[in-house]
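So you can see what is in the structure, the chains are spelled out below.
There are 2 protein chains.
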Amino acid sequence: MNRSRTFKTQIEITLPEWIGDFSHRHPPCPDDESKMRLTNELARCNVEHETGGPFGAIVFDAETGVPVSFGVNSVARLNNSVLHAEVMAIMLAQASVGHYSLCAARQPRLELFSSCEPCAMCLGAVLWSGIERIVCAASHADATALGFDEGPVTPQSWAYLAERGVEVVRGVDARGARQVMRLYRKSRGLIYDPRRA
Amino acid sequence: MNRSRTFKTQIEITLPEWIGDFSHRHPPCPDDESKMRLTNELARCNVEHETGGPFGAIVFDAETGVPVSFGVNSVARLNNSVLHAEVMAIMLAQASVGHYSLCAARQPRLELFSSCEPCAMCLGAVLWSGIERIVCAASHADATALGFDEGPVTPQSWAYLAERGVEVVRGVDARGARQVMRLYRKSRGLIYDPRRA
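Line order of the protein sequences matches chains A and B.
Quick note: the first sequence uses my numbering, first residue 101, plus one each step.
Quick note: the second sequence uses my numbering, first residue 101, plus one each step.
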């Protein structure tokens with residue numbers, strides 16, 4: 101009887117290799133619009149390098165406008181359905197600051213920019229991350245039109261964030277994010293769905 | 101101007117060291133009750149070893165009753181707010197089978213057991229994982245009574261799972277899971293909250 105089936109005790113999560121170049125060629129971003137342009141550019145790189153879905157997320161130091169972490173959709177690349185852009189950016193930001201809360205004492209004020217409104221999982225991840233501000237570009241409707249499921253996100257979900265003190269800003273450079281989505285469709289990027297895999 | 105702030109490009113996610121012992125001392129589990137007893141025991145080990153919150157999750161091969169992956173709450177241990185038990189079990193199962201979908205072709209039928217009903221983030225993670233059956237022990241009310249926030253999970257959220265073909269079974273050995281929660285409270289385990297960190 102096989103009682104000692106081999107199972108994994110660890111995994112490594114990595115950004116695509118091109119992130120090194122990307123991260124060095126950009127100045128700090130002084131305002132929401134420039135932060136989102138950079139976030140959408142990150143999403144575009146993910147499509148152009150064929151390393152994942154058309155989604156990017158960046159945690160910024162709100163004061164300096166310098167990125168603290170980057171995240172790109174890495175579900176298919178790393179065979180891990182949890183690795184949406186927001187989840188990657190949150191985990192890498194926490195690794196960078198060395199704390200599970202992104203609003204713990206003695207940290208700069210941090211904010212999450214995402215090229216698309218968070219799905220149900222990422223909305224929960226935002227809640228638990230301690231991030232106090234999230235800024236989004238494309239809408240759920242945009243993602244759904246592209247063929248991606250967003251899960252059960254309702255007006256109550258957004259209200260829950262607000263009650264917990266998380267500021268949400270939507271629709272910043274949505275046009276830029278939709279352009280990246282169109283590029284993904286045009287390049288026949290994978291619309292992954294666990295039940296059609 | 102500090103353009104080249106150091107940021108992380110990778111993180112490693114590991115189970116606690118005691119998982120090696122734990123995984124070898126158990127026979128396959130023939131039914132839901134024995135699977136959940138093992139899951140609750142996993143949660144208890146996490147409390148007793150002081151490696152995280154009182155939550156455990158196991159992905160089982162539904163046919164053989166052999167665990168495919170283990171997950172324990174690792175938020176404080178690894179400084180990563182995403183690492184709830186369910187998320188860890190899902191990511192490690194996907195690493196084990198080498199696919200982002202746990203219902204992809206040529207896999208055994210897999211099911212997720214969790215010592216507590218999933219929070220908003222984990223419910224979304226279940227949706228995207230491709231898992232087709234989730235069995236839970238303690239309820240949201242139990243977790244909330246202990247002081248943990250569960251996020252925006254509504255009847256619509258559960259309905260969404262059902263619509264996507266995910267079977268949900270609740271309340272299996274809830275008593276066992278609540279005992280682990282009481283142990284955690286008694287041992288003054290951390291009720292982490294990003295906004296009180």
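It cannot be assumed that every hint is accurate.
[Claimed, not checked] With a cut-off of at most 20 Å between alpha-carbon atoms, the simulated EDC-like pairs for lysine to aspartate or glutamate come out as follows: (1) A:Lys108 / B:Glu112; (2) A:Lys286 / A:Glu133; (3) A:Lys108 / B:Glu267; (4) B:Lys286 / B:Glu148; (5) A:Lys108 / B:Asp249.
Hints listed in this document are in silico derivations from the structure and should not be mistaken for laboratory results.
On a predicted model such as this, the values are computed, not experimentally measured, just so you know.
Which of the listed hints are broken here?
2, 3 and 5
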